[in-house]
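Put together the whole structure using the sequences plus the hints.
The primary structure of each chain is shown beneath.
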Amino acid sequence: MNVQELNKDFENRTRLGIMSSLMVNDWLSFKDLKELLNVTDGNLASHIKGLERKEYIEVKKEFIDRKPNTTYRVTQLGRMEFKKHIEILEKLIKGE
Amino acid sequence: MADKNIDDLKAIRSMMEQSSRFISLSGWSGVFAGIYALIAAGTAYMLFANSGTHYFETTNRTISIDLLNQLFAIGMITLVLALTTGILFSVRKSRKNNLQIWNHVTKKLLINLAVPLAMGGIFCFALFLNGSAVLIAPTTLIFYGLALLNAGKYTFPAITYLGYCQLVLGIIGLFFVGKGLLLWAIGFGVLHIIYGFYMQKKYQ
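Protein sequences appear in the order of chains A and B.
Numbering-wise, the UniProt record's numbering puts 34 at position 34 of the first sequence, and it's gapless, one number per residue.
Numbering-wise, the UniProt record's numbering puts 10 at position 10 of the second sequence, and it's gapless, one number per residue.
It is worth saying that the hints were derived from the structure and are not from the lab.
There may be inaccurate statements among the hints.
Just a few of them, taken from the derived set where beta-carbon distance is under 8 Å, the chain B residues facing chain A [as the list claims (entries may be wrong)]: (1) Ala2; (2) Ile12; (3) Met15; (4) Ser19; (5) His104.
Over 12 Å on every C-beta distance to chain B, these chain A residues come out as not near it, computed from the model [as the list claims (entries may be wrong)]: (6) Asn43; (7) Ser46; (8) Glu58; (9) Lys60; (10) Lys61; (11) Asp65; (12) Arg66; (13) Lys67; (14) Thr70; (15) His85.
Straight-line C-alpha distance at most 30 Å; calculated DSS-like pairs for lysine-lysine [stated by the list, open to error]: (16) B/Lys93 - B/Lys179; (17) A/Lys34 - B/Lys107; (18) A/Lys84 - A/Lys60; (19) B/Lys202 - A/Lys94; (20) A/Lys34 - B/Lys4; (21) A/Lys91 - B/Lys96; (22) B/Lys153 - A/Lys83; (23) A/Lys83 - A/Lys34; (24) A/Lys61 - B/Lys107; (25) A/Lys60 - B/Lys153; (26) A/Lys31 - B/Lys93; (27) B/Lys96 - A/Lys31; (28) A/Lys94 - A/Lys60; (29) B/Lys202 - A/Lys54; (30) B/Lys201 - B/Lys108; (31) A/Lys31 - A/Lys83; (32) A/Lys54 - A/Lys91; (33) B/Lys93 - B/Lys201; (34) A/Lys49 - A/Lys8; (35) A/Lys8 - A/Lys91; (36) A/Lys8 - A/Lys34; (37) A/Lys49 - B/Lys4; (38) A/Lys31 - B/Lys153; (39) A/Lys61 - A/Lys91; (40) A/Lys49 - A/Lys84.
Each residue gets a CB set at the ideal place from its N, CA and C atoms; glycine is no exception.
Written out as structure tokens, the structure reads:
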């Protein structure tokens, strides 16, 4: 059995939270994520940027009542990679 | 390292649950709602008796407008009490577990509950206007059951079973009219209490 490496992009707890929430929701706004994860704006923004750069999540910017509203969704690639990450975690715990 | 993996998996699971389901619903809300409903049903029974109608014996279903107003008031008071208690217990539970009570999931849950309930309210009002008031009790149970089925996606899945039970009760009621009070006592009373204790046991 070859040792599979855990994806370093998901090592951080905030990133884990962002990905987990997006896996089970269609679109979530910045505010939704902030409330769910209980983190600061700066912290959340930097981790979102990181995931976006890897194309694990996609961004939609629109205006609601002239106020900017940014929402996020997990991409096909992100969904695949995150599923893989969970599988490897499970394998490592079982000691395979 | 192995510990971190286990913690990570736990975090993933709890985040998926928290971000898609309202998990601050407390079983005690159900128990209290049930108790209020039983007290209300008892009070309604007494009001019938006082107005000279013995609920389970008579086939005469014409009731005075005064009695109708009183029954409506009891229903509303019970609803407000049940909702208030439900909100209080949910706030308490979310504080205890350090969770946000008001987020996008709460909104979805409330919308999914409110739309069928509002339609049910209008439907019942139409029944009343058209002289079919006898169908109101089973109809409330049916719309309540549908609302619960609809909300099941956004909270504990067990709530859908409560929804199915209310639906069955409501459908039976449609064909055995005139047993509205008994239906309400079972549906809003007994079933809520059973559901509440079940939830309390399972999730605490």
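Exercise. So which of the earlier hints does this model not fit?
Worked result: The structure conflicts with hints 15, 16, 21, 28, 29 and 39, although it agrees with all the remaining ones.
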